[in-house]
Amino acid sequence: MILRWLLPVGFVGLVAIAILLVVYLLRPQYRQKRISGTVVWKRVVLRTKKQRLMVSNILIFLVQALVLAIIAVGFAEPRLYSQKQIAGEGEYVVVLDASASMRAKSSASSDTRFERAVAGAKREIEEFFSQSDDGTVSLIVADAEPTYLFSDLNKDDEDKIYGALQTLECSLEVANLDDAITLAGKHLESNPHTKIAVFTDTEFGNLGSAVEVVDVCDNSHEQNIAILGCTVGRVQNQFVFELVLGAYGNVTRKCNVFVDIKNADNGDGPRDLHLEVPVNFSVSENSSEQVQRISVVATDEQFGGQADWFFDDYEQAEISIQNLEDAIPDDDRFLVYGGIRDKINVEYCSEKPNGFWQLGFDNLANNMSKTRDITFREIFDGEEPQNAGFDFYIFEHSIPTGVLHSLPKDGIILLVDPDATLNDAGLGISFEKKVSLGQLTHCTAKVEHPLTQYLQPERIGLTEICQVSVEENSLFQPLLFVDDNPVMLLKDTPSSKVIVMPFSINMSDFYGEQFQIFLYNLVNNFLPVTLTSSDFELGDTTQFYCKGETIEVEHNGNAETFSQFPAQFTFRDVGTYTFTTTFGLEKQDEVRRVYVHLATQESNLFPQSDFRINLDSKEVASQLNGQDFFVWLAVASLVLMMIEWFLQFKYIL
Amino acid sequence: MKSRFDDAFFDKLERLALNFSTTLTGYFGGKHRIDKYGQTVEFADFRQYQPGDDIRRIDWNLFARLGKHFLKLYTDERQMHVRIYIDCSNSMGFYPDKAEFAINLAVAFGYLAVRNNDKVSFHLLKNGVEIDPFGLIVGKNSFFGAVAKMEDVTFEGEANFAGIPNVQIGVNDGLAVVISDFLTENNWQKAVDYFLFQKQQVLICQVLGREEVSPTYSGKLDLVDCEGTGKGDERNVQISITRSMIDAYKKELGRFVAQIRKFCVSRDTAFLSVGTTVPVDKIIYRELARYDIVR
Numbered sequence: 001m002i003l004r005w006l007l008p009v010g011f012v013g014l015v016a017i018a019i020l021l022v023v024y025l026l027r028p029q030y031r032q033k034r035i036s037g038t039v040v041w042k043r044v045v046l047r048t049k050k051q052r053l054m055v056s057n058i059l060i061f062l063v064q065a066l067v068l069a070i071i072a073v074g075f076a077e078p079r080l081y082s083q084k085q086i087a088g089e090g091e092y093v094v095v096l097d098a099s100a101s102m103r104a105k106s107s108a109s110s111d112t113r114f115e116r117a118v119a120g121a122k123r124e125i126e127e128f129f130s131q132s133d134d135g136t137v138s139l140i141v142a143d144a145e146p147t148y149l150f151s152d153l154n155k156d157d158e159d160k161i162y163g164a165l166q167t168l169e170c171s172l173e174v175a176n177l178d179d180a181i182t183l184a185g186k187h188l189e190s191n192p193h194t195k196i197a198v199f200t201d202t203e204f205g206n207l208g209s210a211v212e213v214v215d216v217c218d219n220s221h222e223q224n225i226a227i228l229g230c231t232v233g234r235v236q237n238q239f240v241f242e243l244v245l246g247a248y249g250n251v252t253r254k255c256n257v258f259v260d261i262k263n264a265d266n267g268d269g270p271r272d273l274h275l276e277v278p279v280n281f282s283v284s285e286n287s288s289e290q291v292q293r294i295s296v297v298a299t300d301e302q303f304g305g306q307a308d309w310f311f312d313d314y315e316q317a318e319i320s321i322q323n324l325e326d327a328i329p330d331d332d333r334f335l336v337y338g339g340i341r342d343k344i345n346v347e348y349c350s351e352k353p354n355g356f357w358q359l360g361f362d363n364l365a366n367n368m369s370k371t372r373d374i375t376f377r378e379i380f381d382g383e384e385p386q387n388a389g390f391d392f393y394i395f396e397h398s399i400p401t402g403v404l405h406s407l408p409k410d411g412i413i414l415l416v417d418p419d420a421t422l423n424d425a426g427l428g429i430s431f432e433k434k435v436s437l438g439q440l441t442h443c444t445a446k447v448e449h450p451l452t453q454y455l456q457p458e459r460i461g462l463t464e465i466c467q468v469s470v471e472e473n474s475l476f477q478p479l480l481f482v483d484d485n486p487v488m489l490l491k492d493t494p495s496s497k498v499i500v501m502p503f504s505i506n507m508s509d510f511y512g513e514q515f516q517i518f519l520y521n522l523v524n525n526f527l528p529v530t531l532t533s534s535d536f537e538l539g540d541t542t543q544f545y546c547k548g549e550t551i552e553v554e555h556n557g558n559a560e561t562f563s564q565f566p567a568q569f570t571f572r573d574v575g576t577y578t579f580t581t582t583f584g585l586e587k588q589d590e591v592r593r594v595y596v597h598l599a600t601q602e603s604n605l606f607p608q609s610d611f612r613i614n615l616d617s618k619e620v621a622s623q624l625n626g627q628d629f630f631v632w633l634a635v636a637s638l639v640l641m642m643i644e645w646f647l648q649f650k651y652i653l
Numbered sequence: 001m002k003s004r005f006d007d008a009f010f011d012k013l014e015r016l017a018l019n020f021s022t023t024l025t026g027y028f029g030g031k032h033r034i035d036k037y038g039q040t041v042e043f044a045d046f047r048q049y050q051p052g053d054d055i056r057r058i059d060w061n062l063f064a065r066l067g068k069h070f071l072k073l074y075t076d077e078r079q080m081h082v083r084i085y086i087d088c089s090n091s092m093g094f095y096p097d098k099a100e101f102a103i104n105l106a107v108a109f110g111y112l113a114v115r116n117n118d119k120v121s122f123h124l125l126k127n128g129v130e131i132d133p134f135g136l137i138v139g140k141n142s143f144f145g146a147v148a149k150m151e152d153v154t155f156e157g158e159a160n161f162a163g164i165p166n167v168q169i170g171v172n173d174g175l176a177v178v179i180s181d182f183l184t185e186n187n188w189q190k191a192v193d194y195f196l197f198q199k200q201q202v203l204i205c206q207v208l209g210r211e212e213v214s215p216t217y218s219g220k221l222d223l224v225d226c227e228g229t230g231k232g233d234e235r236n237v238q239i240s241i242t243r244s245m246i247d248a249y250k251k252e253l254g255r256f257v258a259q260i261r262k263f264c265v266s267r268d269t270a271f272l273s274v275g276t277t278v279p280v281d282k283i284i285y286r287e288l289a290r291y292d293i294v295r
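Chain order of the listed sequences is A and B.
In terms of this note's numbering, the first sequence opens at residue 1 and continues consecutively.
In terms of this note's numbering, the second sequence opens at residue 1 and continues consecutively.
Source of the hints: derived by calculation from the structure; they are not laboratory data.
Even for Gly, the Cβ is constructed at its ideal location relative to N, Cα and C.
Warning: the hint list may mix true and false statements.
Said to hold, decoys possible - Where chain B lies over chain A, by a calculated footprint (3+ residues, C-beta under 8 Å): (1) 25-37; (2) 45-51.
What the hints assert, rightly or not - No more than 30 Å apart at the CA atoms, straight line, and that leaves these computed lysine-lysine pairs for DSBU-like: (3) B:LYS251 with B:LYS282; (4) B:LYS251 with A:LYS42; (5) B:LYS220 with A:LYS42; (6) B:LYS231 with A:LYS33; (7) B:LYS262 with A:LYS42; (8) A:LYS50 with B:LYS250; (9) A:LYS50 with B:LYS231; (10) A:LYS49 with B:LYS251.
All chains should be built: construct the whole structure from the sequences, respecting the hints.
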């Protein structure tokens, strides 16, 4: 290690030691004087000391407070800034709105708003350079995240500027104009002569004298009909598409909406359907809008005359409209996926069956009917249980010999109140003997796990359990206990998922509310719904879950794989995204698709902003040139401490 | 030490007399009239005869006119004892003029007493004890003899006022005059209380030197008390004397004197604070007359 002095001049501070020495050496010398009596003088001294003490105490307090204040200020690391008048040349900052609504095309000139904005910006830049030889130009593209296309370029870079403008494309996202204008406003802080021009279709309030808003709308020649959204529901046992349509601009005519349903299934096999619905719009005023909600019902006629025909599932529905003069064609098509619910198959096998399992899963099926289709199959006497094709396998008391040595590998196995025959299953866990607890004994939970969340172990009472011993490397994790005996164990590996409950449901009170919560956790933990919606807006961020080990998200040939869940994903493009779930169990991959459409607000041809900022030209701009004056604070602190010492010293004397 | 008194001064004093309280009883044979009736020739009052009264004192002329027996009463005049306590400590002798002033003042009081046939005794307080070098003085001859010896009085040690009660004095028989600068921590109040207990009339006379009233020294000084043991004595004061400190001293001295006066007022005792710059005769004629101590 090497010791170095960054500021050797600081040693000048050692002069303070010399000052201290002088103070000590030059103590006052008193001359002796005999007088007749010192009684009065003693009284004078006492009275003076009393008065001085009061003043001295106040002074000492003030000095100490100042020292503390200086130390506090020192910790805040103050910097000294000076303001300077910056006399620079003019600047021109262009903000180009690149939101999806800027793609609106005029029926008269067949150019889009964005193209008009780019052309207008180019004209303004040319004019600026014709008036100012030394001025600089910056251009901010206002899309979801505003960025500079170029910054502080002068007349010498004209080719570069116009070249960049030619390659510029409008995005499909929602523009963050507020941030873009704020970014442009920073130029005003450094140069009060900056002029800002915002080329946009959004109507702003007063943004200040430094900002010029250029409206690139062509109101009289623009109109747009858009599919703003679609939800799928059932009305009187019929599948219904609830469409939300919006019309903007001067639209006074009839328009057809087409609904193409792929693989609609009523149980007799899938078939494709084509529905056509006429819609009348009557928006006569420019800059106005009309939003209509329509229900598209599959009538008997459309189903080939079968009066009772309705479909439970469908694979995909494509909704589109035909409008030849539409300004924004990107919002004329909408895809609805997700008609197919998650199918969950449960197999229940017991030599002494009870009705709790059937009842529990039936309740669950009702509650989850919107997202899941749960089927419960009980194996009766004389039937052989299956060891494939189910999501949950529940074996109570024992496992039939046929399955014992070839346990299912494509689902989650629940072993309830197992007997010693299961010791041969090779699970890494052995069941020893049944122990009567004598009375209802309640469970405890020593670890938190999604499978036991919301459960109240103290409300689960058992009277008899089966003692189990777990092999060291068996990967079983105990979740619930009774008197230190595990009564719920979980093995959760990619290729094997086993839950062991070594107690009889009949010998417990685990059949009511707590049992239902357990089944809910069981399904949600192992087979969660991948996505909560089948359509999203561009720019939306969604959270998704996984039933298996990984999910691959694919769009237009680009794929991204996730292995930590819940995961988040932000949609950056319009179209269909495919979520493919891969299982560690021997199951087929699951595919889910979602449709990403334009943000609803972008279909509005005449948006308004409530952004309020006043960007007036400033006379003085501040230039930050921070100067650290820690040293001065230290000196001031030292001086004050010397004064405080002197005051104390004087008082003692 | 030379007495300032000359014949002219004593002549002036001839016209004055100490104004004793009429409640005093004193001794027979003096010139001071008291509240009681006595055997002088000066008529005072009549009183109805009561059994046991001396029948020789019945006014028969009045009996002849009124037919009732009345006694004729006469005033009584007594001799008083003036005890003069002089502080002969170092502080009183530190400035010669102050010592001379104190002695002269004591002599003046003594003369006023002997001139009216009163008894006088001088009590010198020094070295912590009380000395009575001249004994009881009656008459001018004895007095002047004592005055001549007063020139040899020395000022030493400290005055112990608190020791005064240790010496028995008479009751209700005269005046006690205490002459001192009172620049001491000694409990002189105890002596005053003793005098009052013995029903004495008391006069406290404070004498302050010129330097004590208005100090002329300044600078950073280690003030040494002349009654102390020298350097290191706890009475010494280390102080930086400036003009403002001198002003503070004068104010404090004023408070100090006021405290003595307040005490004297509380005990119904006469108090006089004088500086040596004022001649003694002026003090006698102005100050003492103003306080009704002489008439």
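Of all the hints numbered above, which does this structure not satisfy? Sort the numbers upward. Checked against the structure, no hint fails, so every one of them is satisfied.
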